[in-house]
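Enquirer: Next come the chains, spelled out residue by residue.
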Amino acid sequence: MTQTSDESAKLEGFQADFSAEGLFPNVQKSDMRAADGTPTFIVPAAELLEVMTYLRDKGGFSLLEDVTAVDWKVEPRFQVVYNMIALSRREVLRIKVNLPGTNPVIASVTGIWPGANWYEREVFDLFGITFTGHPDLRRIEMPEDWEGHPLRKDYPMTGPRRPNLPSNHFRTDGRNTN
Amino acid sequence: MEDLAIKDRWLDDEEDENSNILDQDEIDQDDAPNKELMTINMGPQHPSTHGVLRLIVTLSGESVIKCIPDIGYLHTGIEKTAENKTYNQALTLTDRTDYLNPLINNLGFTLTVEKLLGIENKIPPKAQVARVILCELQRISSHLVWLGTHAMDLGAMSTFLYGMRDREIILDIFEMCAGVRMMTSYIMPGGLYADLPPGFDKAVNNFLTDFKKKWPEYHALLTKSELWLERTKGVGIITPEEALAYAVTGPGLRACGINYDVRKMFPYIGYETYDFEVPLGKNGDVFDRFMCRMLEVPQSIRIIEQGLAKLPDGEWMINDRKIAPPKKWEIATNMESLIHHFKLFTSGFKPEAGEVYCRVESARGELGYYMVSDGSAKPYRMHIRAPSFANLQSMPLMLEGKANFADIVAAIGSIDIILGEVDR
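Sequences listed follow chains W and D, in order.
Counting from 1, position 65 in the first sequence corresponds to residue 65 in the working numbering; the numbering is continuous, with no gaps.
Counting from 1, position 412 in the second sequence corresponds to residue 412 in the working numbering; the numbering is continuous, with no gaps.
Just chain W, same shape as in the assembly:
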C-alpha cells in the first residue's frame, strides 16, 4: 500500500497532468475560491467513474476522506463533493460533480472505495440524490419512512409536520437577515 520512492517520483507533477494534458478534456477547474488551497475540479457526471478509477490507480489517491453534497438552490442545483488524499505524496484533491435539481442521479463510487458506502447513503438520505450501483441504498440517519430530505434548502427548519412559523420564515434560507 505504500509507494516506493521510484513510483512516487513518477507520480510527481501528477496534478499538472490531470488538469492540462488533456486526459479528460471535460474536467474543468472549479472557479470557486478554495480557501484551503486544495486543487478542485468539476467532473461531468457521466465520466465520474473513469476519473475516480484513474485517480485511485494512477494518482495514488488511496484514501477517500469524505463524500458530501451542497444544495445551491439554482440550477445545476446539487453538487456532490469528494475529498481525497494521496498519502504517499501528502497531496489532497477535491472533485465536484454538478447535478440537476430534478431527479439527481450519480454513479456510486463504492466499487472504487468501499468506504463511500455510508457517505453515499447519508447524501441519499439527507439530499435525495440517488447513487446507481450502490449495494445498499437505504436511509441511514432518518427513519425509513421519513418524507423529504432535511439538508435540502427548501426543507423547513421547523420540520415537515409543523407549520413554518412566521418568526422562522426568514431563517429558512440560511442567509443573514441584516
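I should point out that these hints are in silico values taken from the structure, not numbers from a laboratory.
Don't be surprised by glycine CBs; every beta carbon is placed ideally from N, CA and C.
Check the hints yourself; a few may be wrong.
[To be verified] Facing chain W, a subset of chain D residues (Cβ under 7 Å, in silico): (1) 72; (2) 75; (3) 76; (4) 115; (5) 244; (6) 265; (7) 267; (8) 268; (9) 356; (10) 368; (11) 381; (12) 385; (13) 393.
Using the hints provided, position chain D relative to the given structure of chain W.
Expert: Positioned in the frame of chain W, the structure of chain D alone reads:
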C-alpha cells in the same frame, strides 16, 4: 438384578457424555453450517454499545455470521442547525458532536473558519501554543474515558474508576479556562475565548507530575494481564488495505501500520515545531489499536511539556474587531467597542464566498470540516467528517466470519466510537 441394570444404564449414559466431550470440536465444526441461524438485536440501549448504537447480529452458535450496524438514533441535525446560525453560534454546536473531545472539535471548526476569513497566519502565538496544550490534554482525557469503558466492557472494572479519577483533574483545568467542564467553546475563530487563567501552568504541571506516576498503573492493570491479552490479541483484525479502502483513520489505521497522523502529515497550529512520535501497530487487531492509543498518551504528555516550556505571554485573541469581540472593559469606556460588540453578536462576521475542507487529528481519527460560505454571516453548508462514522463502518469487516459474540464488545470498544459524532 434390577439395581445392576440401572447402574449399567447409568454407566452407558456416562460413556456417551464422555464421548461427546471428546468429539466436541469435531461436532461443532460439522454442525455449524447446518445449525439454525439466529438473529439478535443488540442495542440501541445496551451499555456496552457506547451510546445508542444498534447492531443486528446474525449468529450461528457463538460465531458472528453477519453484523449490521444501525445508526441514526442520536441524529440531531447539527449540520442543518449550523446553516441557520452565525459562525460563532455554530461553534457551540461542535461541542455537542464528539462530546468526549469538545476542544478538538472547536479547533477543527475554528481553523476552518479562520481559513475562510484568511486570518490563519495572524493568530497570536500564545493562542496557538495554548491550543496545542489544551488539545493534547483533551486527547489524554478522551483516551482515559475510552480506556476505562473499553476495559469495563471486557470485565476490568477498576480501570474505569482510575480513568475517571484522572480525567476529573483535566476537566478541572478546562473549568478554570472556560468556566465549563465539557461544552467548552473555548477555542474560537481568532484565538481563545478568554485569556488563560492565572495558575494555568501550575495546574497543568501538577497534573503532569502526578499523572506520569500513575500512568504505569494502567499498563500494569491491562497490558500485561493474561486475561486482557486473551480477549484482545488476534481479535477483530482488519488488514491495511481494507482499512484504507474503508477510510479508517486515527489509531484504527495506525494499528495496521499505516503512518497517517494529520498532525505530522498536514501540520496545523504549529505541530511541526513539536518533537513527538506516532506509534504504529502491525497486526490491526484489538490489541494493536489498544496499544496505539496507550502509546499516544506519553507522546501527548511530551507535547504538553514542550508547549508549557514555550508558552509566550501576550494577546490571546486576534486584534481585529470585525472578528474578535472586544474586551469587557473596552466596551465600558469606548463607543466603537460597544458598536463592534453589538454588530458581532447580532449579525456576526461575513467571510468571503468560498469553500474549505480542513482536517485535524481528533482522538478518534481525522476530523474534517467542509464549509461553504456564500458571503453571508452564516455558513451556507457545514459538513462534519466524523472519524467515528467511517471507523464504525469498518466494524463488520472485523467481525463477520471470524469472531465470537463476545468479541463484538471488544471490537466496539477498540474503535472508540462516539455516537453523537456518528449521527450528528
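Enquirer: Please go over all the hints and tell whether each is borne out by the structure.
Expert: Here is how each hint holds up against the structure:
1. 72: Holds - the Cβ of residue 72 (chain D) comes within 7 Å of chain W, reaching about 4 Å at its closest.
2. 75: OK, holds: residue 75 (chain D) within 7 Å of chain W, min 4 Å.
3. 76: violated, 10 Å
4. 115: Holds. Min distance 5 Å.
5. 244: holds, 5 Å
6. 265: Holds, about 6 Å.
7. 267: violated, 11 Å
8. 268: violated, 11 Å
9. 356: This hint holds: residue 356 (chain D) lies near chain W, its Cβ roughly 4 Å from the closest one there, short of 7 Å.
10. 368: OK, holds: residue 368 (chain D) within 7 Å of chain W, min 6 Å.
11. 381: With Cβ-Cβ at 5 Å, under 7 Å, it holds.
12. 385: Since chain W brings a Cβ to about 4 Å from residue 385 (chain D), closer than 7 Å, the hint holds.
13. 393: holds, 5 Å
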